[in-house]
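Undergrad: These protein sequence lines are chains A and B, in that order. As numbered in the UniProt record's numbering, residues 1 to 441 make up the first sequence, in order. As numbered in the UniProt record's numbering, residues 1 to 441 make up the second sequence, in order.
Please note that a few of the clues may not be correct.
In this list, chains with the same sequence are indistinguishable; a pair is considered to hold if it fits within one copy or across any two.
What the hints assert, rightly or not - Below, computed lysine-lysine pairings styled on DSSO-like, alpha-carbon distance capped at 27 Å: (1) K300 / K201; (2) K227 / K313; (3) K201 / K308; (4) K313 / K96; (5) K319 / K294; (6) K205 / K308; (7) K205 / K300; (8) K434 / K230; (9) K230 / K406; (10) K406 / K300.
Everything labelled a hint here was simulated from the structure, so no lab data went into it. Bear in mind that the values here come from a model prediction, so they are computed numbers and not experimental data.
Protein chains: 2
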Amino acid sequence: MANESWIPGYSPSTDFSLANIPFGIISTPEDSTPRPAIAIGDFALDLKTWLAEVNREKLTGIFSGVDIDQLNHALSQPTLNVFAALGRPVHKIVRKGLQDVLRKDTPHLQLLRDDDNVKAKTLRRLSEVTMHLPMEIGDYTDFYAGYHHAYAVGVMFRGPENALQPNYMHLPVGYHGRASSIVVDGTPIRRPVGQILLDPKAEPKQPVTGPTRKLDIELELGCFISKPNKMGESVDVNQAEEHIFGYVLLNDWSARDIQAWEYVPLGPFNGKNFGTTISAWVVLADALEPFKVKTEIENKTELQEYLKGHEEKTVFDIKLEVDLRTADGSMTTIGRTSSKYLMWSFPQMIAHHTLGGCPMRPGDLLGSGTISGPGGVEERGSLLEMTENGKKEVLLAGMNARTFLKDGDSITLRGFCADDGDGVRVGFGRCSGKIYGAAQR
Amino acid sequence: MANESWIPGYSPSTDFSLANIPFGIISTPEDSTPRPAIAIGDFALDLKTWLAEVNREKLTGIFSGVDIDQLNHALSQPTLNVFAALGRPVHKIVRKGLQDVLRKDTPHLQLLRDDDNVKAKTLRRLSEVTMHLPMEIGDYTDFYAGYHHAYAVGVMFRGPENALQPNYMHLPVGYHGRASSIVVDGTPIRRPVGQILLDPKAEPKQPVTGPTRKLDIELELGCFISKPNKMGESVDVNQAEEHIFGYVLLNDWSARDIQAWEYVPLGPFNGKNFGTTISAWVVLADALEPFKVKTEIENKTELQEYLKGHEEKTVFDIKLEVDLRTADGSMTTIGRTSSKYLMWSFPQMIAHHTLGGCPMRPGDLLGSGTISGPGGVEERGSLLEMTENGKKEVLLAGMNARTFLKDGDSITLRGFCADDGDGVRVGFGRCSGKIYGAAQR
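For reference, chain A alone in the conformation it holds in the complex (with noise of 0.2 Å):
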């Protein structure tokens, strides 16, 4: 595939490359209806808009084999969940019909590089529009298949011998999160207040309500459903991928204080469900193919059958980092990893998921769990990794250091693919987020 476009000012080192394409929703200051588009270099193409324009035949040229009045319907929706339903194969006529649109040398120069009437109306620079929640998210459930995370915070609470819990390589362990306070990249965060057990060895144990003071973050990869299975049915861990619509980058904020002192036995609830934030742009499942790997944590567990023999590479080597910015506007890359570190992949998780009958619908949001490298500090997707618990400093730029958040601090996590053959580039965009004080008490 041709790597260049014509978009102004285009670059195959972009996040939002020609061989990305990702779905998001927008809407603008002249029409506030939320509403479809595709992200391309610096600018959203709003595709609810610019399908109007188009020319019926023309558009079974571009996409053909979809149903174009059911393409109208999805694209013309205030979130992506009709359109993920439409299923992958749609997805992938979709995505090479946009590309074909937006290559330098495309031949389809009228329907909208040639045409300035429609240009205008349907290309926007990203620094003009609001971004939306790209799904309707019935259900999220996060997982923990992050082993290195794992490990890590086992080896903190438990010690090196019993760091994971016995089911840890048998079964993608993960639990129902909450999907009101899911919010779209750039939305502010609210220090939570909760019970905190402040001297834990002290009986007969007696907690205080307050502030959290441990307000961390979670570096995480999530994954929307598109296809959904019946309640009753499971889905086979090698038809899953069928059932993923794509990617998005994840920030379980997390506190860990609260989470500490609520979660025996029935597992994390006000500790998380103050707010999880994601990017605002969905990767096609489509869109990181090329960039599958093998996971780099080896499981010598024998696995149960539904969990086994899908294919060699199943996990994606996404280079994630995690930026702290703090309120004096000094900006420090805390954390580096990649999503290879993984150990279950997601069509475990779904084959999981779904093994005793549990429905999923298009829009169900999956979290991969805390993404941590094998290094030092500097690998890991959590503040609780990086200062263990609260015992070390992270040191800062500009003279700053911090063992948890303080309020006036951003976080942005970001995420690509890079092939450094042909230099291009399937990027995430943003997921980021601000710290603004607890609610007066």
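Once you have looked at the hints, place chain B on chain A.
TA: Below, chain B alone, put in the same frame as chain A:
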């Protein structure tokens, strides 16, 4: 209030009495569109159709203070979410107006009672309507507020000294459940397949994959949210009643063996997400108001401020029963208890859930946790407790016995409040489900 209605065959001792007026979503053989209705005696009144038949001026009279356009809009939706969002003052007026139309001495004769045409269009026998999920459920949270259940299960697994975790008396412990697998009364439930550790003592621990051998029930009360709170803002415990739409019975089906292997450290997952059944008719908060009592569970712990201060009578004395019907048709009531054994009230659960700013939306569902009484096996809300995790059998009618559920078994939860003085009963109808065999593998 007069307790007599002109509805054919009406008796004040029906679950769906004039003092109740529960809301649900019905469809009929002639019109498959799900639409709002109320239940009265053995009948459903199709509200969408009825509102369209009644003169607008008359509606303004009956529902004085309610915006009739808003009400029409809300009661022509396929779920009750929009109606719930109108808020408790509106629910109160609408319930009262409908009681006026339905009571024996109604002054509104032409609105329904004496108009055979309207009656034929809007009143249907309950046996002839199909019930649907009453709400679109965004998020489902399950609490653990049944003290005797939590204690009994704790003793079973950790002994009497450590039966309750240290946080139990300080906060309403809860976890995020799965919304996609919540189904309405009567929906069959498939026995789930999952990973099971057959011999928990053997090392190394080696699970197998197969149908659960420990399929259980959990007798719970469910609570639907009406008024939302914004992300970042909490709900005061004394204001929380205004955020409640109404109540249903809830059976949180559980696979104990799957749950036991998976739940450490992040909580229940596949052991629960294969199905949760709720009763079809939402009993409004106002209908239960006369049956409020002080909880039977004395908590001597000094509570955090945000959980304190709401009125003394905080839980309901709803008589609850669990019926088990085997495939041969014989039926046994295996459990009888009351919701007065909940230690935490729903207002306290809401105050805790939103303490850190978690947003709740109309249609969100809260489960109380399993409700058990202080007595013997006949007062328990789960087979886990009745059988001491499968060690003892529960004897049933027809020479049957069970530890956990077999394929072909049906469970029906029932619940009602009764005022012995005036014979008024406010009930929930059925919450039932029949088990069918696991998927072939």
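Undergrad: All hints, please: hold or fail.
TA: Outcome of the hint check:
1. When the C-alpha separation of K300 and K201 is checked against a cutoff of 27 Å, the pair qualifies only between copies, where the shortest distance is 21 Å, while the shortest distance within a copy is 38 Å.
2. With identical chains, the CA atoms of K227 and K313 are at most 27 Å apart within one copy only, with a shortest distance of 22 Å there and 47 Å across copies.
3. Taking the shortest Cα distances, K201 and K308 sit within 27 Å of each other only across copies (26 Å), while inside one copy they are farther apart (44 Å).
4. When the C-alpha separation of K313 and K96 is checked against a cutoff of 27 Å, the pair qualifies only within one copy, where the shortest distance is 23 Å, while the shortest distance between copies is 63 Å.
5. For the identical chains of this complex, K319 and K294 are intra-copy neighbours only, at 15 Å inside a copy versus 57 Å across copies, given an alpha-carbon limit of 27 Å.
6. Taking the shortest alpha-carbon separations for K205 and K308, only the inter-copy value of 19 Å comes in at or below 27 Å, while the best intra-copy value is 45 Å.
7. Taking identical chains as interchangeable, the C-alpha atoms of K205 and K300 lie at most 27 Å apart only when they sit on different chains, with a minimum of 14 Å there against 41 Å within one chain.
8. When the C-alpha separation of K434 and K230 is checked against a cutoff of 27 Å, the pair qualifies only between copies, where the shortest distance is 18 Å, while the shortest distance within a copy is 39 Å.
9. With identical chains, the CA atoms of K230 and K406 are at most 27 Å apart between copies only, with a shortest distance of 23 Å across copies and 45 Å within one.
10. With identical chains, the CA atoms of K406 and K300 are never at most 27 Å apart, being 41 Å at best within one copy and 36 Å at best between copies.
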